[in-house]
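**Student:** If you're matching them up, the sequences are chains A and S in order. Okay, so the first sequence: first residue is 1 according to the numbering used here, each after it adds one. Okay, so the second sequence: first residue is 262 according to the numbering used here, each after it adds one.
Calculated directly from the structure, the hints in this document are not laboratory data. All C-beta atoms, glycine included, are put in the ideal place defined by N, C-alpha and C. Possibly wrong hints are sitting among the right ones.
Only pairs whose alpha carbons sit at most 30 angstroms apart, straight line, appear in this in silico DSS-like list of lysine-lysine [claimed, not checked]: (1) A:260 / S:283; (2) S:489 / A:260; (3) S:489 / S:548; (4) S:415 / A:260; (5) S:432 / S:415.
Short derived list, chain S residues pointing at chain A, Cβ under 10 angstroms [to be verified]: (6) 310; (7) 317; (8) 435; (9) 539.
What follows is each chain in one-letter form.
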Amino acid sequence: MSEVRTPMLNWYAIRAIYVFEMARAFRTAFQTILSPVISTSLYFIVFGSAIGGRMAEIDGVRYAAFIIPGLTMLSLLTESISNASFGIYMPRFSGTIYEVLSAPISWIEIVIGYVGAAASKSILLGTIILLTARLFVPYEIAHPIWMVGFLLLTAVTFSLFGFIIGLWADNFEKLGIVPMLIVTPLTFLGGSFYSIKMLPPFWQKVSLFNPVVYLVSGFRWSFYETSDVEVTTSMGMTVVFLVVCLATVRWLVRTGYRLKS
Amino acid sequence: MDPIISVRNLTKRYASGLVALKDVSLDIHRGEIFALLGPNGAGKTTLIGIICGLVNPTSGTVLADGHDIIRDFRAARSKIGLVPQELSTDMFETVWATVSFSRGLFGLPPNPAHIEKVLRDLSLWEKRDSKIMTLSGGMKRRVLIAKALSHEPKILFLDEPTAGVDVELRKDMWNMVRSLRDTGVTIILTTHYIEEAEEMADRIGVINKGELIVVEDKVTLMRKLGEKQLILMLQRPLESVPPALAQYGLQLSEDRMQLVYGFKAEEDRSRMVALLRELGEQGIEFKDLQTRETSLEEIFVKLVRSGG
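Just chain S, same shape as in the assembly:
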C-alpha cells in the first residue's frame, strides 16, 4: 500500500542559517498512529509545519495522499487537519462559530450535523455557545481538535496534544485518538510525554538536530533497543560475585543484598534459567525476584545522547 505521507530529502534552512531539517525522508502508513519524538528544537514542528503549509521547505518533496503539497496544495491540504502546539484561537468567538469557520476555510459547505457530532465526541456540545475565552485550557485544546476535525481530514497532525492537560483528560484524549484511528484517520503526533507514545503509537520516529535517527515499529524498537533486568533479593549479603558466574555480567548492589542481571529484551530466555540453576549450585539463595523492562523513555534518551 502506498504511504499516505511521503517525505523525500526534505531540508529546511532558515534565513538565520539554522538548518532545522537535514535531508529527511519518511513514509507514514495509512491508518497508523505515528509518534514523532525528539528534544526541543529537534525539528519536529518544522517538519509538521512544512507538511501543513506553514513553513516553506528549502528543498525536497512531500506528498500527502499522493498530492504534492506545493504543486497540488488544494488537494493535499484538504486531506490534512492540524492541531497546533500553541493554544491559538479567537478568544471572542463562540465554540460553534470557530469550528464552523474552520470547516468553511477548507472549502466545505456548512454541515451542522457533523459539527454537532464532533463537539459531542469531544464533550464540547454543552459549551457550543460559550466564548472561547471562558473555557479552561483543556477545553481550549479540545476546541483546537474540533477545528481540525471539522473538515473530516484523512490525516491528523497533533503537535503536543496533551501539553498542560490533566491526567484524566489526557487519557480521554488517548481514547479519542484511538477511536479516530479506528475510523481510518492516520495520526501523526509529537509529544514530550514518552509514555504517551508508548501507550498509543504503532510506529515511532526519533528526530534529533534535524535528522531522523530512527523510524521503527514500536514493538520492534523496544525489542531491539530495550533491555530487561532480573533483580534478585538475596537471603544473605554476598561478599562478591563468584568467578563461576562472571559470564553473566552480574552486578552486586552496594548493600550486597541484590544481584542484578541485565539482558537484551530479545535474548533467549534459556540463559536466565541457566543463571538461576547456577546460583543454586553456588549456594546463593534469594528470597524474592523482580524483572524490570527499559521504558521507551530510556531508549529515547539513549538514542538522542548517542546520536542514533
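This is chain A alone, in the form it adopts within the complex:
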C-alpha cells in the first residue's frame, strides 16, 4: 500500500487532467487547431488583402494590419470557450466525471487541470494565427510583454467562462448557444474589424458595456499603441472579469452544481 499523501495541491492529479486534455486536443488536431487557423486565414485574405487594400488607414495603421489583433482575439475567445466547455461537459455527458469527483482533489485542482489545458490550447492557437498572419500582412508588436499578458489573461479568463458554460449546459444545444448567440456577436461588435471611435457617440457609449471591447482595444494597443480605451482600463476590466469567472467557478464546483446530486 502506498502512503496517504495530503499535499497542499495534488500536482499529479493536475498533471493527469492536463495531459489527458492536451492529448485529446492533439488527437483532434484538425478540429481544434487547423480548422480555426484556416478560417482566420480566410479572414486575413478577404478582409485584409482583398478588401483591405481599398480601405483607409485607421489611426495610422493599414486596415489589413489593424484587424490582426481583433481577429486573433476572436479566435482566442471562441476557442478558449469551446475547449473549456467541451473539456468539462464531455466527462459529464459520458459519465467519466465520477472518477474526478471521487478522487482526492479540490475545486482548484480541477480548474487548473481543465482550464489550464483549455487556455494552453487557445494560446497555442493564437500564436499560430499570429505567425500565419505574417504570411499575409507585415506587422510589428510594439509592447510584446503586454501582448503576451493580454493573450494569457484572455485565454485563462474565457476558458474559465467556457468552464462555467460546460457546467451549466445539460445538452449539446446549450453548449453551443452561448458562444453562438452571445460571444460571437459581442466579438464582432467589440471592435475586431473597426475602431469604436468610428461609431456615433451613442453607440460608442453602448460599446463600453461590451467586455470584448476592452480585450481587443488593449491587445491592439500592445501592437500599434493605438486603442479605443486606456490600456490600463482594458487590463483592469480583463482582471475583473477573470476574478468574477474564478469566483463563479469556485462556487459551482464546491457546491457540486450539475456535478453532484
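Let chain A serve as the given structure and place chain S on it in line with the hints.
**Tutor:** Chain S in isolation, oriented as in the chain A frame:
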C-alpha cells in the same frame, strides 16, 4: 478493531423531495466482503455515491478509515476505489493510458510496475495498447476495476460488478475479489445476483426504501431466517396426514405422493428423527427423501416484502 467505514445517521433528500436514505447507520469491518442488497431504487447507489464523494449528503457523517469524507476528503478518498455500475470510460483512450490517468488523479506518481501487475491480474495486459472502444463489455468492466485498483485502495466499492458479464468471467471476478480481500482490501459490493452475495460475502446488508433493514453475518442470517424442508417420496399415495402427526405441520402434495416437513435451519435435529420414527409407527413408507435449504434469494425476497 475500529470499522474501516463508519456511517452515522446518514440521510439523503434529493431536490425532488425523494428521500433516498433515511437515517442510515452502518459499520464496515476491515478486510471483509460486505454485500449490500436491495431492489432497484432502494438507495444502494446513493449510499455508495455519498461515501465516494459523488452525492452530497443531507445530514449525517461518514468516516473512511477514520477520516471524515467531507472535512478530510483527501485522506478519505485516497483510501477508496470505486467501480461504478455504468461502463463509463473514455472510449478513445488506450487501456494503459486510462489506468495511468486514474493513478495520477489519486495523487500518486507513475508506477508502471504496479499498473502492469494490475493489468496482468485482470488479464488485460495483452490489451494494454488497445483503445477501450475496441474491447468487449466484460473487458471494459475489467478496465474499470483496473482503474479503481490503480491507486492501491484499502477499500473497494463494486457497484454491480458482474452485471452483463458471462458466467465464466463472473467466476473469474469472484476469484479476483477474493484474492483482493486476501491482500487486506475491504470490499463492498452491490449486486442483483443474490447467488453472488451468497458465494462471496462475509456479511450482508439489506436496504429497502432508503432504510437498512438487516445487517448480519451471512451464516447467521441464513441460520436465523433460513428454512429447510425435508421432502419424503412415498411408496403409496396417502389419503390425508394422520392426526398423530399434526404437531409436525406436514404438507401433503396434490398427487398425495410427497410429504413435506418445513423446519427452521437452527432447529434441533432430534425433532426430524422423531418424525421419521413416527412415520414408521404409522405404517407410512417412503422410497426416497430429500432436504432443501432456503436460498439467500428467498430470504432476501421475504425480507423486502415484509419490510424487515
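**Student:** For a quick check of understanding: which of the numbered hints are violated here, in increasing order?
**Tutor:** 2, 8 and 9
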